[in-house]
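K.L.:
These are the residues of each chain, in order.
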Amino acid sequence: MDVMPKWADVILIPLISILLAALLSALVILAIGENPWEALKLMVNGALGSTYGWGYTLYYATNFIFTGLAVSIAFHARMFNIGGEGQALVGGLGVAIICLFIPWPHWSLALIGATIGAAIFGAAWAAIPAFLQAKRGSHIVITTIMFNFIAAALLNYFLIGALKAPGMEPATPRFPEATHLPSFQDMFNFGETTLFRGAPANITFFVALAACVFLWALIWRTRLGYEIRSFGHSESAAKYAGISPTKIIMVAMLISGALAGMMAINNVQGEAERLVLNAVEGAGFIGIAVALMGRSHPFGVLLAALLFGFLYQGGAELALWTSIPRELIIVIQALVILFTGALDNMVRMPLERLFLAMRRA
Amino acid sequence: MTLLQKFLGASAALALTAGAAVADPAILFDLGGKFDKSFNESAYNGAERWAAETGGSYAEVEIQSDAQREQAIRRFAESGANPIVMAGFSWATPLGEVAADYPDTKFAIIDMVVDAPNVRSVVFNEHEGSYLVGMMAALSSETGTVSFIGGMDIPLIRKFACGYAQGAKAANPGVTVIANMTGTTPAAWNDPVKGSELTLAQISQGSDVVFAAAGGTGVGVLQTAADEDILSIGVDANQNYLHPGEVLTSMLKRVDLAVYDAFTQGEDLETGFNVMGIANRGVGFAMDANNENLVDYGVLAAAYAAADQIAAGDLAVHDYTSDESCPALDF
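Taken in order, these protein sequences are the chains called G and D.
Just remember that the numbering used here sits 30 ahead of the position in the first sequence, which is counted from 1.
Just remember that the numbering used here sits 532 ahead of the position in the second sequence, which is counted from 1.
Okay, chain D solo, but in the shape it has when bound:
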């Protein structure tokens, strides 16, 4: 009996401490971890920016296994966290199951669509941002060959590659685009050694600008490109600083903006479909002190002109995921 009382007391205490954290937002990172210099880190930066500006606090978790996904969502929802933002498409399956159990909690998922009344699905027009850096790559290339290295071979990454190839071919119809994927498993997100090998292979085929959309693998791509004195293009976050003067630009996917926006809207988070494109600065490319001398004025002007056209709806970039095919590149 005493044992039972202890358990009851303990769970009551837990319920009390949990209740104290009312209405703080929460962020759930994917398996890559929050300091991946890319996708998750971008999400983390968005949360930090919100905390710095508002002085608020937020709950966060880096999960260790897939079994913890549903657990983490439920625990934060039960503790009163609102809204709960999750970074990565792998959250879609557990969120789809859990969302209906917490109708008063708002959820946001980045990179995937979950159809529920209390979920905001944030998707990015990665093909538009990739199109712009593809143009910049083709215009900056001296050999007439540019290349792409993807992480795991999934439709999302093919969307990057397809946008990149379209941009390159729009800027220079005679350009050769080489595309390689690091692997077919999640390990491909964090394999800088393989990324480095692929870069060397692409250099031997004549490439002198390489775009890495490969999470942690990209660190190896950028390193090798810098070592071999060719240009590289970073992804998701601004990676220009990794090798100043060697990284042509970074294709920005403003995951931080998506997180910041969700946190700022708080409990009144607008749910539904939320597209982040060039028009609302959700994607773009990075210019800063590290790469201003690398990008010619003409290249920059062409990229900005194309960005304006896309934003105005005059130029449509084909989205690979819309029909699983690409007009500019064969996989």
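Only chain G is shown next, with the shape it has when bound in the complex:
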């Protein structure tokens, strides 16, 4: 059944897709009269050339790991959760409430509390679409995307009302000192040189890595994971085997929402240290591309999240040091998503034919 060896599926296809996207991006940059080679060097240097660059790349990657894992677990149950954006926003609300209203003695306890709060809020936001899907058959794609808008409205309501700090901005007050998470700059301080100076990457990155391991174990090493996967492959077969569709839909979506919500400990508690409007900034949607590219495998998600972290930080450097307009930087990022996510078959089908021909020969 498998035409291609596994390595070709996991490594070769994404690699070719990225190369195609890079080629097209180069043409775009050339068309506006900039040097694509210089632009690439700037992106690589800016994102990976210093601990500062890595600090930003890993910060963005942490966001994308959480949302990518969230989409992945839902994919395994053949659920398309495109509500990561809203679940992460509501997760941020949970983090804000927990950090603002509980007097935490130490950041480590605050981290545990905020993680639980973010997960519960995110899961609760996913629970309603999941319930509607499981009990009423309302399509999860429609309901989750609508819940993104409701989440944004809910956040507006709190940020201009109950949680607003005095002043112009719709944002919460700063979280108390004790809840501030150690950044990489604090953690890797070896005296003479400052590493990761000013970069927002923080201890949450390791929580994200732990989440990868947890999800891998859950999907491939537990009974629940087996049930989720079999439900995803064939609902009728799963039912025949005595697996309850309602339970699987609910559980998969709750885990998915919890993971998306947990992104908030990185961007809300770790970086901003307060809750602002639009705190998620599209990471929920990037998670879809990350999950597609990572083939819904936690390790693949990690790699894809790093790639998108690189694209984000590299894009920011491009905006800072060249006159490439920010709209075109979005075009470059979009090309990568297009090729790795949506145009997967464009690369896959010729490659499959190639491998078939090689096998016959």
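Among the hints, erroneous ones may be present.
Across the chosen pairs, the derived CB separations fall in these ranges [stated by the list, open to error]: (1) D:G804 - G:P212: 32 to 40 Å; (2) G:E357 - D:E580: 16 to 24 Å; (3) D:G804 - G:S168: 58 to 66 Å; (4) D:G804 - G:L53: 47 to 55 Å; (5) D:Q797 - G:F110: 51 to 59 Å.
Okay, the calculated bits of chain D under chain G, using three or more residues with CB under 8 Å as the criterion [claimed, not checked]: (6) 605–619; (7) 767–779.
Treat the hints as calculated values from the structure; they're not laboratory data.
Values in this document were obtained by computation on a predicted structure and should not be read as measured data.
Idealized CB from N, CA, C, for every residue including glycine.
Based on the hints, put chain D in the right spot on chain G.
P.N.:
What follows is chain D alone, placed relative to chain G:
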């Protein structure tokens, strides 16, 4: 080991290229983008004017997300850019954190106050400029009803509305002032469709002069006012040219002057509190070929007289942000 060497070499190269850009000024635009025909564009024009006059070059960035604010300030400061000017009140929080780390770099922030020894805080007396266009609106209105459309409902925009209502009522005590805000979120800065709907609603309530202080939303307000044949008033930059003969005037907020001034002073930028009012031509209203036939001589004379009085300190316009209340308008 070779990998590590590569990284070190790369960061050294980056440090070298960064060091080459010594002492160019830098401008940081807000999320609206530099071509918003309003606030950011005005800042951009100021920077361009400086570049054209001095032949100098400057660094600039349009950020894509809030997370990039602190990053952009730090990167420019580390590259040696001086002074670093940022347009918009949202820069205040990151600047407040970063300013102390770069004591040798001068910063300027427009529309907000950051209390640090190396920061110049530029604030505008928008209420004074709005007062003048409010007078012109009331004197030009035939129905006795004028209106205001704000962007996001924040104290800064209420300051515009309050000045406008005071001016209108000073010119014609019997005038009715209608005020609406587009929304309560940053999306309200760029919603021309909603701006257009609000304009139509205000016209149905009798308004025949509308003042838009709403960023990109104002484009829709001015368009609808022109379509419906009522007068409109632009904001921040001179927007008279958008619909020649239909825009009564524009309330000028000379962000360009603030940027130009900061760039010109360069590394010796005078820090502290910098108020741009009518007295130093920081705010005002626009007269040009597009609107000279719209404004009667009597209207113009009244506006100039009031401007002189404000500049001389004989006439005080109430500032909404001073006590969060307005004597001429209820929100």
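K.L.:
All the hints need checking, so say for each whether the structure fits it.
P.N.:
To see whether the hints hold, each was checked on the structure:
1. At about 35 Å, the beta-carbon gap between G804 of chain D and P212 of chain G stays in the expected band of 32 to 40 Å.
2. A beta carbon spacing of about 20 Å between E357 of chain G and E580 of chain D agrees with the range 16 to 24 Å that was offered as a hint.
3. The given range of 58 to 66 Å is respected by G804 of chain D and S168 of chain G, whose C-beta atoms sit roughly 59 Å from each other.
4. With their beta carbons about 52 Å apart, G804 of chain D and L53 of chain G fall inside the hinted range of 47 to 55 Å.
5. A hinted range of 51 to 59 Å for the beta carbons of Q797 of chain D and F110 of chain G is consistent with their spacing of about 56 Å.
6. Check on the segment 605–619 of chain D: 3 of its residues sit with their Cβ under 8 Å from a Cβ of chain G, so the three-residue criterion for coverage holds.
7. With 0 residues having a beta carbon nearer than 8 Å to a beta carbon of chain G, the segment 767–779 of chain D misses the requirement of three or more and the stated coverage is violated.
Of the numbered hints given earlier, the model fails hint 7 alone.
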